[in-house]
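Chain by chain, the residues:
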Amino acid sequence: MSAIRPLHLAAEIGGPPRYDAASHVALARLAEGGALDFVTLNDSFARPGPDALAVLARVAPATTRIGLVPTVTTTHTEPFHVSSAVATLDWVSKGRAGWQTDVSTTEAEARLFGRRAAAPPAALWQEAGEVADVGARLWDSWEDDAEIRDVATGRFVDRDKLHYVDFEGSTFSVRGPAIVPRPPQGRPVTVIDGTSGPAREAAARHADVVLVRATSPEQAAALADELRRGAAAHGRDPDSLRVLVALTVDLGDAETTPEPGLESGPQLAGRGTYFRGGPVDLAELITQWHRGGAVDGFHLTPITPERDLERIVNGTVALLQHRSLFRTFYPGGTLREHLGLSRPANRHAPARTAGGTS
Amino acid sequence: MHLAAHFPGVNSTTVWTDPRSRSQIDFSSFEHLARTAERGRFDFFFLAEGLRLREHNGRIHDLDVVGRPESLTVLNALAAVTERLGLAATVNATFNEPYELARRLATLDHLSAGRAAWNVVTSSDAFTGENFRRGGYLDRADLPQVLGSARTGGTPYTRAAEFVATARELWDSWTPDGTSRPFTHTGQHFEISGEFTVPRSPQGHPVVIQAGDSGEGREFAASTADVIFTRHGTLEAGRAFYADVKARLAAYGRQPDDLKIMPGVTVVLGDTDAEAQENAAEIRRLQVSPQNAILALEQVWGRDLSSYDPDGPLPDIDPDLGSDLVQGRVRVADPLAVAAKWRALSEAKGLSIRRTVIESTARQSFIGSPETVAADLEKFVATDAADGFILVPHLTPGGLDDFVDRVVPLLQERGAFRSEYTGSTLRSHLGLAEPVWKG
Ligand SMILES: Cc1cc2nc3c(=O)[nH]c(=O)nc-3n(C[C@H](O)[C@H](O)[C@H](O)COP(=O)(O)O)c2cc1C
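First to last, the sequence lines map onto chains A and B. Heads up: the first sequence begins at 1154 in this note's numbering, then just goes up one per residue. Heads up: the second sequence begins at 21 in this note's numbering, then just goes up one per residue.
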C-alpha cells in the first residue's frame, strides 16, 4: 500500500432512540453538508429504536448525495426479504444504498422470533456470509437490460436475462429470481464490522467496506493487511476493499479542556475505540493515520450526535478540506462512486457475450 | 366516500405498451402517483405484493410488467414527499414473522406521523415458499398433513389471524404514556416473548386491510380488519358482498362503520359517454394483445396453445384439469365451466380467440364522462354497494391524473367527497376510532 488513496469518512447518526423523521433527516443533511461518504444507522431487534432501513428510506428523498447504510440483521430474517429491501433502498435513493450486515447472538433476540435458539457467533457469521452471497446473487439475477418493453413481440422482459439463483445455504434456500430488478449500483455496498474474528472472515469474503478498531496506525495497518490478504485468498481484488477505522468520538470538552495533538487520541474502551478531544485534534489524528497509508478512512460515531456531528462537519471536516485532504463536493452520485468502487459486472452477462445461453 | 390509489404494476391490466407508460420501479413514478392522490385528497395510496415472479408453462411470464420494489421501503420514502396521504403496504402473513413486521409497520406509522396501513394477504403456496425459510409446507394441498402439528398447522387464515392479533399485542405492549412492558404470546403458530422496541405509534395500531374473498376470508375481515379490499366491482355483486360482510360484524361486537368495504375498480373517462366507451374498447384491445389472448386461453385450458391463431376459433379440446401450467397467480376456479361459457360466447357472436378473451375478461367498472362516473360512484356508495373505491389505473404513473383533475372536483361539488383533509392520520380519513389500548 504505497500510494495514498483518497480519504473516506462516514458517520453514525444513531444515538439515543428517536422515532420521528425530522431528527434523522437533520443529521443526514448535516453529514451531507460535509460531503461525507455515508451515514450509518445502527440497529438490532433488541434495542430500542425504529427499523433502521425504514428510517434511511425516509431520509433518502430528503437528501441528494450521501450514502445511506442501515444495519440489517441476517439471523432471524428472511434473506429474500432482506435483499429486496436493500435493493429498494438503492432504488429510492438513486444508488446511494448500503447495508451493514450483522447477526443476532442473544437468547433474548431469539425469543422475539421463537423460531430457533440462539447460536454461536461463528455459525451466525457463516450464515450472514451466505445471506450476503445470496443477496449478491439475487441482485445479479436480473441482468441490467432485462426489461426490454418490446411492443412488437409483446414481451416486457427478456426472460433469458432473468436467472434462478437456486441457492442452498446451511439454514435456508432461495429459488429466485429477485422480484426487484437489479438496483442502480448493481449491488448495494456491503459494510461489515470486522472487529470479531468470525465477522472478519465474512468481511474479507463479502464486504466492500470493513470497519476495524485500532489504537495505533500500525495496528490499523496490520488489520487492513490481514483483510486484504483474506480478500485475495477468496479470489477478490484486495484493492476493492475499503478499510475504515471505527472511532467513537466525544468532542464535548473541546472548549473547556483543549488537549494538544494526539495525546487526546484513541483509547481502547470496551469493544470500541474512543476518541476524546477537540475537532482539530481529531483532524490531526485522521491526517496522520491516513497519510501513513494505514487506512482508507474513518467511521465516526459521535456520542452525542446533534452536538458532535456538527463539530465533526464544521470543525474536523472543514479543516481536512482546507488542507485538501478531503473533498469539498461529491463528484459522483452513487455511494460506490464516493468510495471509488466500480459498479460490479453482472455475473451472468459475460457468459452470454461469450456465447453461452443461460 | 373513501378513495384509494392502487399503483399499477404486476397484473394483466397495466398497459406498458402505451407511449405514456413510465418506469414501474423508479421512485419518481411512485412520487407522481402519490402526489396525484394527495392532490385529490385520497384516503390512501396502495401497493400490492408478489413474492415470486409469475410463471407460465414452466417459464417466467414475460408479457406483463415484471418486477417491483419492496413495499414498506417505498412507502417510507413516500412519507417524505407527502403529508396526509395514507400509505398502505400489502405484506404476506405467511412468509413473515410478527415481531419483525410489527416493528416495521410501527416504524412506518411513526415516520409518516400516523399514515400506515397493512394489507394482510395469505398467499401460501409452495411455489412462493421456495424463496423462504418457511418453505412450502403451508401449501393448501398439504394442509391436512400438517394440521395438528404444533405451530405449523392450520390454514393460511388461522396463521394470519394469530399474526394480526400478535402484532396488536406488540403494539399494545407500550402504554399510551410511553412505558414499555414485556410481552409474552403463546399460540398455535407463534411462541414469542421479550420487549417491543418501538413505542405506541401515532395511530395506536396501523390500519389493517384484508384482501380475500372466501367465507373464511370474509370472517377474518369481519373479526379483525378495518378495511376490506374486494373484487366485487359491479352494483349487484357489490351489494350482495356488502350485505354479507356487514352482517358478519355484529357477531364480533362491531358496528357496520367499523369495516370499510372498498372494491378495486377501474375508471375510463371521455368527454362524452360515447367517447369513453371508445376509449375503453381501445384499452381492452391494448390489454389483450394477441400474445396475451393465447395466454389467457392457456390459463383456462391448462394447455400449451401457442400454435393457435389469436384471430382464429377457440380450440375444440377440453381443459386439462390437473395442469400446473400457471404458477404464482390466482387459479381459474372451474376451468370446464369457464371454457364452456367462452365457447358459447364465441359461437353466439362468431368471435375469434382474442375477441372472446376481450369480451369475457373485461373488468372495467366505470366508463363515461366525468359527470357520469361521478354520479355512478356516488350511487354505489348511496346504495350500499361500497364505502369507497380502490382505483386501479392502467397507466404508470399518470393513470389517475384525469380522474383527480376532472372527477374529484365533481364529487366534491356534490358533497360526496372531502375537499380538504380534516385530520392528519389515515384512521381519521377513514373515520375509524382510535384502537382501545389493551394493556
Ligand atoms: C382484491 C384482492 C387483492 C389481492 N392482492 C394480493 C396481493 O397483492 N398479493 C398477494 O399475495 N395476494 C393478494 N390477494 C390474495 C389473497 O390474499 C388471498 O390469498 C386469496 O384471495 C385467497 O384467499 P380467499 O380464498 O379468501 O380469497 C388478493 C386478493 C384479493 C381479493
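No lab work stands behind these hints, which were simulated from the structure alone. The structure displayed is predicted, hence computed values, not measured ones. Accuracy of the hints is not assured; some may be wrong.
Subject to a maximum C-alpha distance of 25 Å in a straight line, what follows is the list of computed SDA-like cross-link-like pairs (lysine to any residue) [claimed, not checked]:
no.: 1; chain 1: B; residue 1: Lys458; chain 2: A; residue 2: Lys1247
no.: 2; chain 1: B; residue 1: Lys458; chain 2: A; residue 2: Thr1224
no.: 3; chain 1: A; residue 1: Lys1247; chain 2: B; residue 2: Ser43
no.: 4; chain 1: A; residue 1: Lys1247; chain 2: B; residue 2: Arg42
no.: 5; chain 1: A; residue 1: Lys1247; chain 2: B; residue 2: Pro39
no.: 6; chain 1: A; residue 1: Lys1247; chain 2: B; residue 2: Thr110
no.: 7; chain 1: A; residue 1: Lys1247; chain 2: B; residue 2: Gly418
no.: 8; chain 1: A; residue 1: Lys1247; chain 2: A; residue 2: Arg1268
no.: 9; chain 1: A; residue 1: Lys1247; chain 2: B; residue 2: Asp396
Partner residues are not named here, just some residues of chain B that face chain A (Cβ under 10 Å, in silico) [what the hints assert, rightly or not]:
no.: 10; residue: Thr33
no.: 11; residue: Trp36
no.: 12; residue: Phe152
no.: 13; residue: Pro219
no.: 14; residue: Ala360
no.: 15; residue: Ala364
no.: 16; residue: Leu365
no.: 17; residue: Ser366
no.: 18; residue: Glu367
no.: 19; residue: Val424
Note that CB positions come from ideal geometry on N, CA and C, so glycine has one too.
Report the numbers of all earlier hints that the structure fails to satisfy, in ascending order. Those not satisfied are hints 1, 2, 8, 9, 10, 14, 15, 16, 17, 18 and 19.
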